[in-house]
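As a plain string of letters, each chain reads:
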Amino acid sequence: MPANDHAVVLRGAGRRYGERAALRDVSLELPAGQTLVVFGPNGAGKTTLLRMLATLLRPHAGEVCVLGRELPDSGYAVRGRIGFLGHEPLLYRELSGRENLRYHARLHRRPAACVQEVLDAVGMSARADDPVAELSRGMVQRLAIARTVLHEPELLLLDEPLANLDPAAAAQVQPLIGRASGRTRVVTSHDPAGGLDGADLALGLRGGRVALLAPASAVTTAQIAELYA
Amino acid sequence: MRQTVAALLAKELALELRTREAVPAMVLFSITTYVVFHFGLDRDRVTGDLAAGVLWVTLLFAAILGINRLFVADHEQGGFDGFLLAPVDRTALLVAKVIALFSFLCVVEVVAVPAFAILLLGPSLTQALPELLLVLVAANAGIAVVGTLVAALAIQTRARDLIVPLLALPLLVPVVLAAAQGTTPLFAEGGAGALAGDWLAVLALYDLLFALIAYAVFDFLLED
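Residue numbers (numbering that gives the first Met the number 0), protein chains in the order written: chain A, 0 to 228; chain B, 0 to 223.
Check each hint, because a few of them may be wrong.
Said to hold, decoys possible - Here are the computed distance ranges between Cβ atoms for each label pair:
#1 A:S26 x B:V172: 49 to 55 angstroms
#2 B:F219 x A:D119: 39 to 45 angstroms
#3 A:R10 x B:D160: 23 to 29 angstroms
#4 B:T90 x A:D119: 33 to 39 angstroms
#5 B:L128 x A:Y75: 44 to 50 angstroms
#6 A:A179 x B:V110: 53 to 59 angstroms
#7 B:A9 x A:D4: 39 to 45 angstroms
#8 A:A179 x B:A24: 47 to 53 angstroms
#9 A:Y75 x B:D160: 52 to 58 angstroms
#10 A:P71 x B:R44: 55 to 61 angstroms
#11 A:G193 x B:R19: 41 to 47 angstroms
Since the hints were derived computationally from the structure, they do not count as laboratory data. All values derive from a computational prediction rather than experimental measurement. Where is the CB? At the ideal position from N, CA and C, for every residue including glycine.
Same shape as in the complex, but just chain A (with noise of 0.2 angstroms):
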């Protein structure tokens, strides 16, 4: 079904919960190396969507496409390839921050020494040995990143990823998790103008479907802030 320079295709692909469609017959082309970035209020599906291509959830209808592997049936062969970074952290709290990051590593057979390494990226090896559960939201968010990127992947799905940061601390993931990680990346955003900076498609959800869909270039924060009236 897709070309291979696409890193996401989805072609009518739908997902529901229970009786509720939380996502309807979504269509759309990303290629690689580039950035989606999906706009939507509460409950327009953009999680739905996230966590569906993060191999999470099974699509219930249409076809959905991830680095050149058909869902769900070969999930195996992409999940070590994806990023995901969702509302929640995947941190155990009890553990610090530098046992979860090991425990990932090792879960994705990256060597020990790339645990420091991410974490002098994200500008937490001062408070490493931490657990998790003293860390203000923000270091918590920083470790976060810090697990998503840590395999390497070549496709990033970032719910929100900025939630929490302090400006500065924003600007210190940009390398990782920005368009200067060179990866593609599928982003929610409520942010117009500050999510339109760096994408190439945009995407809008509304009651679960596609409301907007069009190069970044050409969509104004108008239209987004449509999506939210």
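For chain A, the structure is supplied; the task is to place chain B on it using the hints.
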């Protein structure tokens, strides 16, 4: 898979050492239950089938506490998603959880069995200990496999605390039956008799059967 199991197991043990949620509660429950039996039966010492029954019913209920907690951190703190996002064999999670629960049960019994001998058991434990260890290991294996399976199923439901005993207790009746029958001669009034080998074989068969069932269905329990 060995590396993945080792990573998961190290995480399980680190979490239990930090939180001390499961094992201390199981130990305390066991000792409290012996005290309750002591007064409930109005006896200072028990022997034979009664002793075996008291021991295994207590250990089974203590195990339920551990089974209830087995996947809580993974469920509440995103550990499931973290694991599912990794390119690993999902059976590794089953193996690691079974080993973790088995280890917790063994640690509990290091305290709970001597406590039983002190508080309730009539005959000396020393003579029965080598053969009792065999029964404990075989029963723990069965409880760990079935417990992990039930815990993985129950964690997806809202009524986890209710589902675990409702599912686990009937499934574990054969373990209690075989373990108690196997242990009864060891706690005989006149000194430890020979271990009932047939019942040990039943336990081994049960362990094997449920290990195969768990291996076959565990992946589906993790599916969305």
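Structure-based check of each hint:
1. A:S26 x B:V172: 49 to 55 angstroms: holds, 53 angstroms
2. B:F219 x A:D119: 39 to 45 angstroms: holds, 41 angstroms
3. A:R10 x B:D160: 23 to 29 angstroms: Because 43 angstroms falls outside the window, the suggested range is violated.
4. B:T90 x A:D119: 33 to 39 angstroms: At 35 angstroms between Cβs, range holds.
5. B:L128 x A:Y75: 44 to 50 angstroms: Holds - the Cβ-Cβ distance for B:L128 and A:Y75, about 46 angstroms, lies within 44 to 50 angstroms.
6. A:A179 x B:V110: 53 to 59 angstroms: holds, 56 angstroms
7. B:A9 x A:D4: 39 to 45 angstroms: For B:A9 and A:D4 the Cβ distance comes to about 40 angstroms; the hint holds.
8. A:A179 x B:A24: 47 to 53 angstroms: holds, 49 angstroms
9. A:Y75 x B:D160: 52 to 58 angstroms: Violated: the Cβ-Cβ distance is about 33 angstroms, outside 52 to 58 angstroms.
10. A:P71 x B:R44: 55 to 61 angstroms: Given a distance of about 59 angstroms, which is inside 55 to 61 angstroms, the answer is holds.
11. A:G193 x B:R19: 41 to 47 angstroms: Given about 44 angstroms between the Cβ atoms, the range holds.
The structure is inconsistent with the numbered hints 3, 9, although it conforms to all the rest.
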